[in-house]
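A.B. asks: Chains as they are written, first to last, in the working numbering: chain A, -8 to 122; chain B, 5 to 92.
No lab work stands behind these hints: they were computed from the structure.
Ideal placement from N, C-alpha and C gives every residue a C-beta, glycine not left out.
Please note: incorrect hints may appear among the correct ones.
Pulled a few chain B residues facing chain A out of the computed Cβ check, cut under 7 Å [claimed, not checked]: (1) 18; (2) 34; (3) 51; (4) 58; (5) 66.
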Amino acid sequence: MNADILVTVFGSALLILGAAVITSAAVGLVKLPDLYTRTSAVGTAAGLGVALIITGVVVLDFSVLNLIKGLIAIVAQLLTSSIGSFALARAGYLTGSRPVSTTVPDELAESAAHNTLGRSGEDTVHKGQAD
Amino acid sequence: MIPDIVAAIVLGLLAIAVVLAVVRVAMGPTAGDSAVAADLIFFAFIGIVAVFGLQFSIDAVIDIILIAAVLGFLSILSLARLLQGGQR
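Isolated chain A, as found in the complex (with noise of 0.2 Å):
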């Protein structure tokens, strides 16, 4: 009876914990100034929020086979929510949504430059060579 209320404190608890992260996640949609900040706030705060709300549905309703598959679960949220994140931020990037303007490293841009002055200038060498 008492280890029943415990069990049920503690699963309420996880899943509480686990709503208002995702709702911190809502809130920072909104608040946020551009696409980067909004991708790295969902990105985050609600694939840990559904990690904790799939925890919390674990400890309430227990059995072995529901940890095995909560822990499956767990991973491959953890894993893909990056993923997909990380896909949306460089889908964002490569359409031309600009960063807000206080970004001041903006290294991808950078990194483009360089790659495109190293290929050009290979072309010179290898064109100096073939002459």
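With chain A held as given, fit chain B onto it using these hints.
C.D. replies: What follows is chain B alone, placed relative to chain A:
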């Protein structure tokens, strides 16, 4: 299975999250912002399904969450491909 007050709190928080994300979908200056908000709505929906499954003692709730967690990222990957016009 879980106390009613806990279900009400969790559903209320997730409902606030979904409403804020819908606001971002409506406001979003680019299609990418709407896609991020859609991703968050999906995550909140996993939580809503979990609470309803626990409240009505549905045995398959952990299976539903497992499938959603494993396959859910495909939707956001396809949205990212769509933004790029099908190019890599």
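A.B. asks: Please write out, lowest number first, the hints stated earlier that are contradicted by the structure.
C.D. replies: As far as the earlier hints go, not one is violated by this structure.
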